[in-house]
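Let the sequences and hints guide you as you build the complete structure.
So the sequences go chain by chain: B and W. Take the first sequence: its letters are residues 1 to 109, numbered as in the numbering used here. Take the second sequence: its letters are residues 110 to 391, numbered as in the numbering used here.
Some hints here could point you the wrong way.
[Said to hold, decoys possible] Cβ pair distances, simulated, as ranges:
# : chain 1 : residue 1 : chain 2 : residue 2 : range
1 : B       : K102      : W       : R357      : 25 to 33 Å
2 : W       : K301      : B       : L84       : 30 to 38 Å
3 : B       : L84       : W       : E211      : 51 to 59 Å
4 : B       : K90       : W       : E268      : 54 to 62 Å
5 : B       : E66       : W       : K358      : 33 to 41 Å
[To be verified] Just a sample of chain W residues kept apart from chain B, beta carbon distances all over 10 Å, derived:
#  : residue
6  : L127
7  : S168
8  : I177
9  : M270
10 : H350
11 : P353
12 : R357
To be clear, the hints were calculated from the coordinates, so they are not data collected in a lab. We treat Cβ as the ideally placed atom computed from N, Cα and C, and that holds for glycine.
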Amino acid sequence: MTLLALSEIQEGMIVANDVEFRGQVIIRKGVRISADHLKKLKAWGIVEISVNNHNSNSNEAISDKEFIELARKKVNSRFIHADLNYAPMKEIYKLAVKRTAKRMQKASK
Amino acid sequence: MSSPAQRLVKNVSKIYSLPTIYYRIEKAIEDPNSSLKQIGNIILDDPSLAARLLRLANSAFFNFPQKIDSIPTALSIIGTKQLRDLVLASTVIKVFKDIPEELVNMESFWRHSIACGITARVIAADMNADNIEAFFVAGLLHDIGALIMFAQLSDSIAEVMTICKQEKQYRYLTEKQKLEFNHAEVGGYLLKEWELPEHLIIACMRHHEPHHARHFTEYAAAIHVADCFVNALQIGSSGEHLAPNMERKAWRTLNLSEKFFNSEMQQIERQYKEAVSYILDD
Chain B
1 MTLLALSEIQ
11 EGMIVANDVE
21 FRGQVIIRKG
31 VRISADHLKK
41 LKAWGIVEIS
51 VNNHNSNSNE
61 AISDKEFIEL
71 ARKKVNSRFI
81 HADLNYAPMK
91 EIYKLAVKRT
101 AKRMQKASK
Chain W
110 MSSPAQRLVK
120 NVSKIYSLPT
130 IYYRIEKAIE
140 DPNSSLKQIG
150 NIILDDPSLA
160 ARLLRLANSA
170 FFNFPQKIDS
180 IPTALSIIGT
190 KQLRDLVLAS
200 TVIKVFKDIP
210 EELVNMESFW
220 RHSIACGITA
230 RVIAADMNAD
240 NIEAFFVAGL
250 LHDIGALIMF
260 AQLSDSIAEV
270 MTICKQEKQY
280 RYLTEKQKLE
290 FNHAEVGGYL
300 LKEWELPEHL
310 IIACMRHHEP
320 HHARHFTEYA
330 AAIHVADCFV
340 NALQIGSSGE
350 HLAPNMERKA
360 WRTLNLSEKF
370 FNSEMQQIER
380 QYKEAVSYIL
390 DD
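What follows is the structure in structure tokens.
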């Protein structure tokens, strides 16, 4: 859980604690922040909220895809002699891309 | 007349020899008069080996419900031939402890070999093979010829590896072009020199071309497919930079489902971690 200033809050992050405004819960714990939420938070003058650290927010989801693309390029250069029309080889290829993406993601952190 | 690969192995067979304990166990197992206790006593001659075998017997490698607290119990539950193969797996690494590391990172090399052994072991379990540890050892030993070449022919191998990168070619083919033999043959001859069983020799010698295996085709096929998988996923490295292409006939020999690796991935990773800590952490 991290306490972030509103300027750092992005769409897709998960709220870690109920967000209250004048004694009323306006966003429940566990809710994914939308563009609409961001507008309202600004309007209500809320300056900071707690969000989960390890979530699959939409920003990370996009970079997940990017990592897969990068991994695919890397793996392709090693699979130049492999017959990807053969189903078992294709299966191994997919696992290799997944694993490479995971490694690249880990290394980037 | 012997081939250059055979001569290379003959020249180094004094340097790279198996510890005698393996042969003593082998002899005792082959002798119908020896008891589990007698075989156990040979293992107990090397207390650190005995302790490690017990640790392995009680690990997630086997998942036995009951605790195995003595070597004779381990022998009776795991099996004498299986335990002999695990002795081989536990002692072979030390034979190559002095290989210069300019061309190969030994940790990475053994990680590749262990991963290949574990993958072959999981394949063998799926096939209901008699002795899955034999597949483990076959995978562990499959690239051993490369170590002899790194140590004895370092200049030529450095050149081979440069050509591989430039021409985007497999190492075993480049070795053959440049030296007229490859690491699979050297490994096979070394295992022959060690008087190891035929299935290990064939698996090693044919792991790049399993269709050439006339006997023990399931061993050659399993190691070929496992090597293909492990290289493709880059679990450790033996120095091959390209993903091998899988022979369709080898895959058919094993009769695995198309999704085999997808469904066994976790199992392979779990056993791999176990084996790495057993073999590499000393």
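Using the Cβ atoms, figure out if L84 of chain B sits within 51 to 59 Å of E211 of chain W.
Given range 51 to 59 Å: violated, Cβ gap about 35 Å.
Just checking, I177 of chain W versus chain B, shortest CB gap more than 10 Å?
holds (34 Å)
Are all C-beta atoms of chain B more than 10 Å from that of L127 of chain W?
holds (33 Å)
Minimum C-beta separation from R357 of chain W to chain B exceeding 10 Å: can you confirm that?
Per Cβ check, R357 of chain W is inside 10 Å of chain B; nearest 6 Å; violated.
Outcome for the supplied range 54 to 62 Å, where the beta carbon pair is K90 of chain B and E268 of chain W:
violated (34 Å)
Against chain B, does S168 of chain W keep a CB gap of more than 10 Å to every residue?
For S168 of chain W, whose nearest Cβ neighbour in chain B is about 24 Å away, the distance exceeds 10 Å, so it holds.
At the C-beta level, are E66 of chain B and K358 of chain W separated by a distance inside 33 to 41 Å?
For E66 of chain B and K358 of chain W the Cβ distance comes to about 39 Å; the hint holds.
If I take the minimum Cβ distance from P353 of chain W to any residue of chain B, is it greater than 10 Å?
Non-interface label fails for P353 of chain W: nearest chain B Cβ at 7 Å, not farther than 10 Å.
With 30 to 38 Å as the target window, see if K301 of chain W and L84 of chain B comply at their CB atoms.
Because 37 Å falls inside the window, the suggested range holds.
So H350 of chain W supposedly isn't at the interface. Is its beta-carbon more than 10 Å from every beta-carbon in chain B?
violated (7 Å)
Would you say M270 of chain W is clear of chain B, with no C-beta pair closer than or equal to 10 Å?
holds (15 Å)
Is 25 to 33 Å respected by the C-beta to C-beta distance linking K102 of chain B and R357 of chain W?
holds (29 Å)
Hint check: violations occur at hints 3, 4, 10, 11, 12; the rest are consistent with the structure.
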